[in-house]
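J.: Residue numbers (the numbering used here), protein chains in the order written: chain A, 5 to 412; chain B, 496 to 739.
For the record, the hints were derived by calculation from the structure and aren't laboratory data.
Among the clues, some could well be false.
[Said to hold, decoys possible] Straight-line distance between alpha carbons at most 25 Å, and here's what the computed SDA-like set of lysine to any residue pairs gives:
hint	chain 1	residue 1	chain 2	residue 2
1	B	K636	A	A24
2	A	K320	B	L599
3	B	K617	A	A24
4	A	K12	B	I578
[What the hints assert, rightly or not] Where chain B lies over chain A, by a calculated footprint (3+ residues, C-beta under 8 Å):
hint	segment
5	19–28
6	146–153
[What the hints assert, rightly or not] Reference excerpt, derived from the structure (chain B facing chain A, CB under 10 Å, subset only):
hint	residue
7	A512
8	E513
9	V514
10	Q515
11	V516
12	N547
13	L604
14	K617
The beta carbon of each residue, even a glycine, is placed where N, CA and C say it ideally should be.
Here are the chains, one letter per residue:
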Amino acid sequence: MTLGGELKEGLKLSLAALQANKARAVLTMLGIIIGIISVTLMGAAIEGLTRAFNNSISSIGADVLYVQKWPWMDTGDDWWKFRNRRDLEIDYADKIRKDATLFSAVAPVVGRMGTLKYENKTANNVQVQGTTSDLLYVTNMGFTEGRFFTDEETRGDRPLAVIGADVADQLFPNQDPIGKHLKVNGLSFRVIGVRSKQGSFMGMFSLDNVVIIPIGRFQSIFGKHFHPSIEARVSDPNDMENAKEELRGIMRKVRGLAPLQEDDFSINQQDLLTSAFNKIAGTIGAVGLFVTALSLFVGGIGIMNIMFVSVTERTKEIGIRKAMGAKRRTILVQFLIESSLICLGGGLIGLAFSYPLSLLVDKVLPTSLPISIAMIGILISLTVGVISGIIPAFRASRLDPVEALRYE
Amino acid sequence: MKVIELVKVNKVYDMGAEVQVNALRDISLSIERGEYVAIMGPSGSGKTTLMNILGCLDTPTSGLYLFDGVNVSDMDDNELARIRNQGIGFVFQTFNLIPRSDALHNVELPLIYSGVPSGERKERALKTLEMVGLGQRVHHKPNELSGGQRQRVAIARALINNPSIILADEPTGNLDSKTGDEIMMFLEELHDKGNTIILVTHEEYIAEHSRRIIRIKDGEIESDLPIEKNGKVKSTHPSEKAQA
Numbered sequence: 005m006t007l008g009g010e011l012k013e014g015l016k017l018s019l020a021a022l023q024a025n026k027a028r029a030v031l032t033m034l035g036i037i038i039g040i041i042s043v044t045l046m047g048a049a050i051e052g053l054t055r056a057f058n059n060s061i062s063s064i065g066a067d068v069l070y071v072q073k074w075p076w077m078d079t080g081d082d083w084w085k086f087r088n089r090r091d092l093e094i095d096y097a098d099k100i101r102k103d104a105t106l107f108s109a110v111a112p113v114v115g116r117m118g119t120l121k122y123e124n125k126t127a128n129n130v131q132v133q134g135t136t137s138d139l140l141y142v143t144n145m146g147f148t149e150g151r152f153f154t155d156e157e158t159r160g161d162r163p164l165a166v167i168g169a170d171v172a173d174q175l176f177p178n179q180d181p182i183g184k185h186l187k188v189n190g191l192s193f194r195v196i197g198v199r200s201k202q203g204s205f206m207g208m209f210s211l212d213n214v215v216i217i218p219i220g221r222f223q224s225i226f227g228k229h230f231h232p233s234i235e236a237r238v239s240d241p242n243d244m245e246n247a248k249e250e251l252r253g254i255m256r257k258v259r260g261l262a263p264l265q266e267d268d269f270s271i272n273q274q275d276l277l278t279s280a281f282n283k284i285a286g287t288i289g290a291v292g293l294f295v296t297a298l299s300l301f302v303g304g305i306g307i308m309n310i311m312f313v314s315v316t317e318r319t320k321e322i323g324i325r326k327a328m329g330a331k332r333r334t335i336l337v338q339f340l341i342e343s344s345l346i347c348l349g350g351g352l353i354g355l356a357f358s359y360p361l362s363l364l365v366d367k368v369l370p371t372s373l374p375i376s377i378a379m380i381g382i383l384i385s386l387t388v389g390v391i392s393g394i395i396p397a398f399r400a401s402r403l404d405p406v407e408a409l410r411y412e
Numbered sequence: 496m497k498v499i500e501l502v503k504v505n506k507v508y509d510m511g512a513e514v515q516v517n518a519l520r521d522i523s524l525s526i527e528r529g530e531y532v533a534i535m536g537p538s539g540s541g542k543t544t545l546m547n548i549l550g551c552l553d554t555p556t557s558g559l560y561l562f563d564g565v566n567v568s569d570m571d572d573n574e575l576a577r578i579r580n581q582g583i584g585f586v587f588q589t590f591n592l593i594p595r596s597d598a599l600h601n602v603e604l605p606l607i608y609s610g611v612p613s614g615e616r617k618e619r620a621l622k623t624l625e626m627v628g629l630g631q632r633v634h635h636k637p638n639e640l641s642g643g644q645r646q647r648v649a650i651a652r653a654l655i656n657n658p659s660i661i662l663a664d665e666p667t668g669n670l671d672s673k674t675g676d677e678i679m680m681f682l683e684e685l686h687d688k689g690n691t692i693i694l695v696t697h698e699e700y701i702a703e704h705s706r707r708i709i710r711i712k713d714g715e716i717e718s719d720l721p722i723e724k725n726g727k728v729k730s731t732h733p734s735e736k737a738q739a
């Protein structure tokens with residue numbers, strides 16, 4: 005009998021055997037179903053997390069360096085060291101711009117929460133940002149309507165505002181915000197632009213709940229004690245390292261640091277977040293998959309157990325088949341197919357469950373069940389089936405026909 | 496032509512603790528094609544061991560076993576499986592049908608393992624079932640059949656691959672005497688058609704259906720004698736057949 009024939013016959017026999025013991029087959033499958041659901045959902049969650057991060061991180065330009073008091077990443081240094089650093093000043097932006105050769109735009113950005121009003125509508129806890137016209141070039145800002153303020157308008161401290169998509173929706177539903185006057189903490193601003201939608205950061209807070217105004221105006225609302233971060237766009241993204249060194253040199257000069265003194269500022273960039281995220285996501289993924297794989301493992305043990313029962317139960321049948329000329333391999337294949345079928349069935353049912361569940365997860369964390377995870381899920385369940393079936397199947401194939409025929 | 500030839504076959508079982516049981520001692524015998532032989536002996540005589548070896552379900556510890564002229568004494572499991580599949584048709588006391596499968600599938604079984612395509616398999620199985628008088632019962636499962644019908648399914652299964660020998664182990668042991676007689680008549684017919692039948696039994700009157708009785712005792716052949724038929728069953732002795 006050829007292997008192909010054995011596979012075909014084994015498939016028929018296994019289907020019949022499973023049908024004869026439906027309840028048992030389903031219960032055994034349950035372990036695999038749960039295992040596959042947890043593995044695929046874990047995969048989907050990690051996928052969603054990564055996707056959300058990549059979407060969010062894109063709002064922080066990959067080619068923008070941020071000069072700030074605090075580093076984005078924990079460097080292991082004492083908190084007080086950063087706390088005691090001097091604050092950054094708005095005019096650093098001009099000083100950097102003057103000396104920089106590797107940067108195309110530099111802008112200071114200050115921010116705090118404020119309250120917006122338009123007619124009888126109010127928007128609380130809106131991020132109010134004060135900056136210069138250069139921010140347009142630093143961030144490659146897009147607009148659904150209108151424009152950003154110009155250099156002259158910045159320097160003239162004109163009461164102009166560019167609003168985020170959420171603010172536009174909230175204060176100006178069903179009307180054109182351009183030219184309307186809204187109040188930022190009681191002071192009137194004319195809306196000249198609506199920024200295109202940025203989405204949310206990791207599903208946690210919206211990046212569109214923002215109003216951007218000239219930095220001088222910001223100071224006249226909130227006072228002059230707000231310290232900016234300086235955002236600088238690198239001309240050539242392939243030259244980030246040199247640009248970073250240049251920026252550092254300029255900042256040290258601005259700060260008047262002696263050669264051996266430590267930097268008293270941080271230069272942050274997207275890279276830091278990405279690599280940190282990858283590390284965290286990798287750890288979460290590894291731990292999560294390990295834990296969920298454990299449940300699959302338990303499911304596999306269940307299959308192995310039931311296959312042992314199945315082999316013992318059918319000892320006589322195996323004896324008969326052997327007497328009729330079934331070879332070892334034929335018996336082995338028959339039982340392997342049976343355990344694989346249980347697992348494959350469990351895997352498919354598991355996927356049928358985890359797909360709608362992933363849509364639920366999607367409500368919290370934008371995600372999807374990628375085909376690759378579904379395929380891997382099926383592959384894993386087949387593997388579990390073969391692995392957990394191999395020992396019982398091997399035992400069945402080695403049964404002595406005389407002993408097996410005598411078995412009652 | 497010899498179908499079976501045993502030369503000084505021994506079977507020793509290791510019972511552990513250096514206890515050995517000699518189930519068969521220097522058994523030598525040969526069976527010609529077309530013979531109808533009964534192997535008799537009380538329990539513990541070694542007749543089951545002998546049957547297992549003849550049926551290629553087991554191998555001798557020492558000695559030579561030629562089946563159809565081929566030495567099978569030291570074949571491995573898979574080669575033995577092939578011999579069982581193509582050379583031997585088993586009929587067991589407890590029928591040994593697969594309970595979940597219908598008569599047709601049970602009869603097909605040996606053909607599955609010889610790799611016969613399913614269309615031909617069905618055709619041959621149907622024909623064989625008709626031959627044993629079960630043409631109307633092909634889709635009945637064993638538990639839907641009477642004992643006699645089950646044994647006929649088993650006989651159909653034994654016949655389907657045109658084996659060199661039919662090995663019947665107490666074929667009437669689980670049947671009432673009337674049904675048992677029917678089965679014995681049936682074996683008789685098979686013998687008349689030229690099949691070689693080896694019957695293992697401890698019942699004298701069953702053994703008397705055969706043409707030659709080999710008696711086993713304590714692992715040795717006690718006697719090996721042809722028997723003359725008396726009235727009830729009309730047939731000629733194989734030796735006479737050979738002369739004819």
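J.: Does each hint fit the structure? Answer for all of them.
T.: Do the hints match the structure? See the list:
no.: 1; hint: B/K636 to A/A24; result: holds, 13 Å
no.: 2; hint: A/K320 to B/L599; result: holds, 19 Å
no.: 3; hint: B/K617 to A/A24; result: holds, 23 Å
no.: 4; hint: A/K12 to B/I578; result: holds, 23 Å
no.: 5; hint: 19–28; result: holds (count 3)
no.: 6; hint: 146–153; result: violated (count 0)
no.: 7; hint: A512; result: violated, 20 Å
no.: 8; hint: E513; result: violated, 22 Å
no.: 9; hint: V514; result: violated, 19 Å
no.: 10; hint: Q515; result: violated, 18 Å
no.: 11; hint: V516; result: violated, 15 Å
no.: 12; hint: N547; result: holds, 5 Å
no.: 13; hint: L604; result: holds, 5 Å
no.: 14; hint: K617; result: violated, 13 Å
Taken one by one, the earlier hints fail for this structure at numbers 6, 7, 8, 9, 10, 11, 14, listed in ascending order.
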